[in-house]
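Here are the chains, one letter per residue:
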Amino acid sequence: MKSPTLSIDALNKVVAALPEDNLATSRRAALDQFRQDGMPGGREENWKYTDLSEAVAIANRWLEAGAEIPRAGVAAVDDIVRAIDADWIVIDNGQIDTQAVDGTAIAGVEIKHLSSSAEQLTPSGRLGDLNAALLRDGLRISIAASTELARPIGILIVDHADSAATVSQIRVDIDVAANSSAGFIEYHVSNGDAELYANSVVNVTLGDGSRADYVRIQDRDRAHEQTGYQSVTVGRDAELRHCAFDFGGRMVRNDLVIDLANPGGNAEFAGLYLIGDGQHIDNHTRTDHRTGPTESHQEYRGILTGKARGVWNGKAIVHKGADGTDAEQANHNLVLSRNAEIDAKPELEIYADDVKCSHGTTIGQLDETALFYLRTRGLSQHDAKQVLTRAFAQAIVGKAPISSLHDFLADRIAGRLDQLMQETDA
Amino acid sequence: MLEVKDLKASIGGTEILRGLSLRVDAGEVHAIMGPNGSGKSTLAQVIAGHSDYDVTDGTVAFRGKNLLELEPEERAREGIFLGFQYPVEIPGVNNAYLLKAAVNAKRKHQGLDEIDAFEFLKLAREKMALLDMDPKLLNRGVNEGFSGGEKKRNEILQMAMLEPSLAILDETDSGLDIDALRAVAEGVNALRAPNRAIVLVTHYQRLLDYIEPDHVHVLSEGRIARSGDKSLALELEEKGYDWVRKAANG
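Residue numbers (this note's numbering), protein chains in the order written: chain E, 411 to 836; chain A, 130 to 379.
Bear in mind the hints are in silico, worked out from the structure with no lab data behind them. Check each hint, because a few of them may be wrong.
Stated by the list, open to error - Below, in silico cross-link-like pairs of lysine to aspartate or glutamate (EDC-like), each with a Cα-Cα straight-line distance of 20 Å or less:
no.: 1; chain 1: E; residue 1: 795; chain 2: A; residue 2: 203
no.: 2; chain 1: A; residue 1: 229; chain 2: E; residue 2: 793
no.: 3; chain 1: E; residue 1: 795; chain 2: A; residue 2: 292
no.: 4; chain 1: A; residue 1: 237; chain 2: E; residue 2: 793
no.: 5; chain 1: A; residue 1: 368; chain 2: A; residue 2: 350
no.: 6; chain 1: E; residue 1: 423; chain 2: E; residue 2: 447
no.: 7; chain 1: E; residue 1: 795; chain 2: A; residue 2: 200
no.: 8; chain 1: E; residue 1: 809; chain 2: E; residue 2: 678
no.: 9; chain 1: E; residue 1: 809; chain 2: A; residue 2: 273
no.: 10; chain 1: A; residue 1: 251; chain 2: A; residue 2: 306
no.: 11; chain 1: A; residue 1: 229; chain 2: E; residue 2: 821
no.: 12; chain 1: A; residue 1: 229; chain 2: A; residue 2: 207
no.: 13; chain 1: E; residue 1: 795; chain 2: A; residue 2: 273
no.: 14; chain 1: E; residue 1: 725; chain 2: E; residue 2: 709
no.: 15; chain 1: E; residue 1: 795; chain 2: A; residue 2: 181
What the hints assert, rightly or not - Computed, partial: chain E to chain A, Cβ under 10 Å:
no.: 16; residue: 773
no.: 17; residue: 774
no.: 18; residue: 775
no.: 19; residue: 777
no.: 20; residue: 778
no.: 21; residue: 782
no.: 22; residue: 784
no.: 23; residue: 785
no.: 24; residue: 790
no.: 25; residue: 791
no.: 26; residue: 793
no.: 27; residue: 798
no.: 28; residue: 801
no.: 29; residue: 802
no.: 30; residue: 803
no.: 31; residue: 808
Bear in mind that the values here come from a model prediction, so they are computed numbers and not experimental data. Glycine included, every Cβ here is placed at the ideal spot set by N, Cα and C.
Just chain A, same shape as in the assembly:
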């Protein structure tokens, strides 16, 4: 589904990704781990199409399409979802309005009619219940005054409504208490499907207790230093990131 080859990307002239390769197939859950500054978030942002990053080399293909040629909104409509590490507060833009606009943008792209207002509300309420979210949040400004946990749940709600083919969740676990973490993980697990891939970007192993990955990759200095199954995450937890860094350099 996603094929990243020798990707190099920089921001403001500083190279962050230095030849990263990654292949994610449908039905898989990948965890990308690594210390701060290793390029985890950069990878997520580059795949989503953030214009601050310059891709200087390499390719990113999504279902055979060259992703780097597409605008962020085109990538979204093609089925890529980025869950933000810091979801943006947008006062004055109604949460329900954004959800609906997002769903309809995708439906239009697929040649479908706009979602029926009643249907939309029913669906949103269902997903919110699953995430243990206060239904009132639907009528607030997007993330406006939301707690950390509410913001992350709201990201998962958007994902659940958009049903992406590829979801990249950037540090979705950061700043969550145990209840919020469980709710978010449950939301993600509910979306696991044979035709969908999920990439979890995370600093800690904790999230992986709740969402079990098929593959774990460790990033170091803009490259994947090590790949393995879920036991790699546990090993990492035990030995620390220095272990990977030394192994990569040695």
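Just chain E, same shape as in the assembly:
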């Protein structure tokens, strides 16, 4: 398998036509870098199971057709905004609803357009370069020091592809200053019958003694493709609580990169992928313990039906001198069909002496004894399966650090599960 190739000529032309705003320098630098490095994929170990060639094909068709960006429909958005209590900002096919941003006044929070910020974009990997090169606008959200947000900030990313192949680039920088605590909901949806590839980059910096509660929900159309890169730099005695849910998408690749470079840094993160026929969801996490004492605990769970394909790769690197590291990773999969496939790989690289590290991976089916038990209590086989599967998912829902989302997530999971079980008659 070769790395898929993006049409550089078309990319050059599209990037050159973008406005000479504050992002122009970053765009050019990213374009130069991207021209050197190209797309990830091919023989690379990190991309072994995930093929970006369809996303690249969509991008080529879009670039060659002049890189038009349609405005998204907001119908799907209203429901979410109504159901979840948060201060919402909408990113619509990578464009930002200016009015909402400029009109959003939350004490201790500053929200800015990246296009009007003088700061250069942080390099964020090869897909991050593609993102930066094509970026029209993004958001920078800054939480002032010693601020405690009462409501989470919701970032609703909605993409729409109605009549032609569409690509959107989403970029959000989040800065939580020292001794603050804030909740964030990053919610991806997409709609429309045409092809779509969305590429998002979110870089989070947590100041000393701060805390971020972060929930990411990806519920895109099942024909659409997405790559998402998120980095989190954790300050001294700072805490990250992160939980990611993947329901939609045809090809989805998530990279979560956590940097624990300061003593007392702590990251608890979890994820759930609930997927069916034709879906390929790849979660790669990387945690760098650069010093001690630092802690990371992760648990991802997958529920796979039909011909779903899941990938989980959890990498923890304990660098030289990072004594007092506690790193734990777990991945559990419930495979409800014969044709689903999961590739699960925990990876620990340890270069320090005094560390506590563990990992565990399981792949299994529903417990027959528990199924029988429930049926002897009068539950139908279908209901018994539903109940047990929801319970499996519930362990992750319970870890979502914004508890006002728990009921919403449980409902979404029940609804999706019902749909998937009907499709596969599982």
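Following the hints, position chain A against chain E.
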């Protein structure tokens, strides 16, 4: 109420029940005793509908219906309850949720509306008090982290809520201390009724000091080797299972 005739059942090709016949009428309490491997639990599992067991011969009728044609959930809704020897821990499924789902599955089958939430809670708390159960257990995962005694009480709680016509309690006494045994027995005795039958599957006579059976059967090698009244259990306690085995073979 329950009529088992010449029942033969096997698991993985090994025959466990070898022509067992048993008749249980409404209002009766039967105790089924026997050494390990005699087929006591198999009988309970086959009546409840466990798919690991193949019924190769014989019939099981419940109120005139052919039970062997029904799925486990249909048997439950018809009024059969199996109390498990090893109640299953189901983390993430709320105990109250299961109780309610079970009650409603049965009510739906009977053409009744779902139980009112307030009514349900009141009833559950009442039954729990009778079983001397911590009300907090209602909001825990099903049997999750329960002690042995709590698990068995939880089985009896389910039975009390479901009010089955036929309750089969598989080794309900195993692993119980004397207080738990008393509480469980009290719960069972409270459910004795003219329209209900209870089958106690047990290895030891001890349980029968607290729940007095009308009939006692001793299983040996997949058949009922001996039947009698409660004095049979005492005789058995005294002479041991070898006595039955020898008598059956001799």
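Cross-check of the supplied hints:
1. E:795 to A:203: holds, 16 Å
2. A:229 to E:793: Status holds; Cα separation ~13 Å.
3. E:795 to A:292: violated, 25 Å
4. A:237 to E:793: holds, 14 Å
5. A:368 to A:350: holds, 18 Å
6. E:423 to E:447: holds, 19 Å
7. E:795 to A:200: holds, 15 Å
8. E:809 to E:678: Holds, at roughly 9 Å.
9. E:809 to A:273: holds, 18 Å
10. A:251 to A:306: Given that 20 Å is the threshold and the Cα spacing comes to 28 Å, the pair is violated.
11. A:229 to E:821: holds, 19 Å
12. A:229 to A:207: holds, 17 Å
13. E:795 to A:273: holds, 18 Å
14. E:725 to E:709: Roughly 12 Å separates the two Cα atoms, so the pair holds.
15. E:795 to A:181: Holds, at roughly 18 Å.
16. 773: violated, 18 Å
17. 774: Not OK, violated: residue 774 (chain E) not within 10 Å of chain A, min 14 Å.
18. 775: violated, 15 Å
19. 777: holds, 8 Å
20. 778: Holds, about 8 Å.
21. 782: holds, 6 Å
22. 784: Interface hint status for residue 784 (chain E): holds (7 Å vs cutoff 10 Å).
23. 785: At about 4 Å, which falls below the 10 Å cut-off, the nearest Cβ of chain A leaves the hint on residue 785 (chain E) intact, so it holds.
24. 790: holds, 5 Å
25. 791: For residue 791 (chain E), the interface hint holds, since the closest Cβ of chain A sits about 7 Å away, which is under 10 Å.
26. 793: holds, 7 Å
27. 798: holds, 7 Å
28. 801: holds, 3 Å
29. 802: Because about 7 Å separates residue 802 (chain E) from the closest Cβ in chain A, which is inside the 10 Å limit, the hint holds.
30. 803: It holds, given that the least Cβ distance between residue 803 (chain E) and chain A is near 8 Å, below 10 Å.
31. 808: holds, 8 Å
Going down the numbered hints, you'll see the structure goes against 3, 10, 16, 17 and 18, while the others check out.
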